[in-house]
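Fit chain B to the given chain A structure using the hints.
Protein chains: 2
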Amino acid sequence: MNPSEWFTEQVPAAGTAFSLKIKQKLHEEQSEFQFLEIYETETFGNLMVIDGCTMVSTRDNFFYHEMMTHPVLYTHPNPKRVWIIGGGDCGALKEVLKHDSIEQAIQIDIDERVTRLSEIYFPELCEANNDPRAELKFIDGIKWVKDAAPNSVDIIIVDSTDPIGPAEGLFSAQFYRDCFNCLSEDGMVVQQSESALLHLKLLGEMRDAMSSAGFSHLQTLFFPQCLYPSGWWSATIASKSALANFREQDANNKPFETVFYNADIHKAAFAQPEFVKKAFGL
Amino acid sequence: MNPSEWFTEQVPAAGTAFSLKIKQKLHEEQSEFQFLEIYETETFGNLMVIDGCTMVSTRDNFFYHEMMTHPVLYTHPNPKRVWIIGGGDCGALKEVLKHDSIEQAIQIDIDERVTRLSEIYFPELCEANNDPRAELKFIDGIKWVKDAAPNSVDIIIVDSTDPIGPAEGLFSAQFYRDCFNCLSEDGMVVQQSESALLHLKLLGEMRDAMSSAGFSHLQTLFFPQCLYPSGWWSATIASKSALANFREQDANNKPFETVFYNADIHKAAFAQPEFVKKAFGL
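Order-wise, the sequence lines are chains A and B. Each residue of the first sequence is one higher than the one before, counting from 20 in the numbering used here. Each residue of the second sequence is one higher than the one before, counting from 20 in the numbering used here.
Excised from the complex, chain A in its bound form (with noise of 0.2 Å):
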């Protein structure tokens, strides 16, 4: 394998590696926060990568932005106010909007560089950037929901990199209970969990920390990610209610398109494994 026509990203502690076949580097750059890669690749379109991780693909990365978007808020019952920590390349944002409900969609990510190399390498992803109900900040997500006030926001979406670096606060359990002060009183937050496979300590204390804030409810779901470690990822939504119930039939009718998602799939993504099952008490 000549390591010139390859990305590749190695995992150690999972002891894994996976890597893309590249026609060319498009882009480089030390932002202030993370160094920032962009690759075209042979088969999997552009590739954006930051500190040394693959973030996102044009081919592939309608499985995490579909799954961490449409499930939670076919779950709220009426979600008008969202907020997005982090997703920085655009593309949870553009999800978001496709619902009618939604009256105002704030993307949080400290790092403006990601959102515009975003603009550049991935402009599908930033289609609803101009949308009048969407708002992009660029200042650290963690301070924004500590310092907002009560019942400010319906949905969190936290759309972050792994918990090491400068995500590693919003996997915490202050994270959390700053989340759950803010959120109306049926609000909730969903978090990329990592792999089930690889991770499942971390899932594990993630969902404890959530629990430990003051969540009552909460739910891991789970999708394909060809792109991160083990090809298989997780979410997880923390509920302030536990009355949360997917509204399948909007699902159902829902007025746009999407690649993976569907309402089938909704129901599919919530199936617990047997040794998840085990591990949680669930």
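Hints should not be assumed to be uniformly reliable.
Given that identical chains are not distinguished, each listed pair holds provided it fits within a single copy or across any two copies.
As the list claims (entries may be wrong) - The list that follows gives simulated cross-link-like pairs (lysine-lysine, BS3-like), each with its CA atoms no further than 30 Å apart: (1) K273 <-> K44; (2) K156 <-> K296; (3) K165 <-> K286; (4) K297 <-> K286; (5) K273 <-> K286; (6) K156 <-> K286; (7) K286 <-> K220; (8) K297 <-> K117; (9) K117 <-> K44; (10) K286 <-> K117; (11) K296 <-> K117; (12) K273 <-> K297; (13) K259 <-> K286; (14) K296 <-> K286; (15) K220 <-> K42; (16) K165 <-> K99; (17) K273 <-> K220; (18) K165 <-> K273; (19) K296 <-> K162.
By construction, these hints were calculated from the structure, which means they are not laboratory data.
Quick look at chain B alone, frame taken from chain A:
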């Protein structure tokens, strides 16, 4: 990445590669049919590689073996006779024999060396090889099915390598016709059907070939499989009778342990992603 420390499977057509960190190579040989390698990995236990493709690891084979067996076994109304074509590592055989209804399970792999190596390096997969209901044959599975009498078998599990090399004939309409002819009236064949992300065309051709062979009902199911390209794999069940229904109560009361599979996972696996529905007119 030091090549001596990693085993890497490149998938040229997909532009992807997946690597596992290795401690040492335990064995290699050219059998009559294939080049076989066994590695000890850092984090995935032992790894079997056939003709350069990862086949099975100690750590994550449960996904594949459970999902190739229990969904079809709990869909068939009363499975008694099962053939496994390929499957020389014996992992599928072990799962099949967990079902009390099974009276006979015949594994037909052309390459005896796969089984002999599995007995040494994956003994846990071979635990059921001495079950009185089990029979291991090392002959050509294609010819075995072609020569079989009508109503010889209830379920045929095609646990094969990719559709190149010795397994190519296992993806042909002629093979499916031969399966159809030797299956009982409510018989089913299930076959691994690659990745819907990377091999959608192949999956479609396989479904078409199964239909043209006379199978009235097709169901593709999806599951994670870290070691296989894209980390997201599929299997397709073709039924002679359209009346096949999930025996949910039996699955809920299954008298054996699994790591991944349960009744919820069963139902979830059959959810069809939006792009798959569109591709196959579902």
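Consistency of the hints with the structure:
1. K273 <-> K44: neither (38 Å within a copy, 52 Å between copies)
2. K156 <-> K296: For K156 and K296, neither the intra-copy (38 Å) nor the inter-copy (38 Å) Cα distance is at most 30 Å.
3. K165 <-> K286: neither (33 Å within a copy, 41 Å between copies)
4. K297 <-> K286: both (20 Å within a copy, 19 Å between copies)
5. K273 <-> K286: Answer is both: 15 Å inside a copy and 22 Å across each meet the 30 Å cutoff.
6. K156 <-> K286: For K156 and K286, neither the intra-copy (33 Å) nor the inter-copy (41 Å) Cα distance is at most 30 Å.
7. K286 <-> K220: Both, since 25 Å and 27 Å are each at most 30 Å.
8. K297 <-> K117: between (36 Å within a copy, 20 Å between copies)
9. K117 <-> K44: Cα proximity of K117 and K44: none, with 32 Å in one copy and 51 Å across.
10. K286 <-> K117: Both: 20 Å inside a copy, 28 Å across copies.
11. K296 <-> K117: between (33 Å within a copy, 21 Å between copies)
12. K273 <-> K297: So K273 and K297 pass the 30 Å test across copies only (16 Å; inside, 35 Å).
13. K259 <-> K286: both (21 Å within a copy, 28 Å between copies)
14. K296 <-> K286: both (17 Å within a copy, 16 Å between copies)
15. K220 <-> K42: Intra 37 Å, inter 24 Å, cutoff 30 Å: inter-copy only.
16. K165 <-> K99: Answer is within: at 21 Å inside a copy they meet the 30 Å cutoff, but 61 Å across does not.
17. K273 <-> K220: Only across copies: K273 and K220 sit 28 Å apart there, 36 Å inside one copy, limit 30 Å.
18. K165 <-> K273: neither (34 Å within a copy, 48 Å between copies)
19. K296 <-> K162: Neither. Shortest intra-copy (34 Å) and inter-copy (43 Å) distances fail the 30 Å Cα cut-off.
When held up to the earlier numbered hints, the structure conflicts with 1, 2, 3, 6, 9, 18, 19 and fits the remainder.
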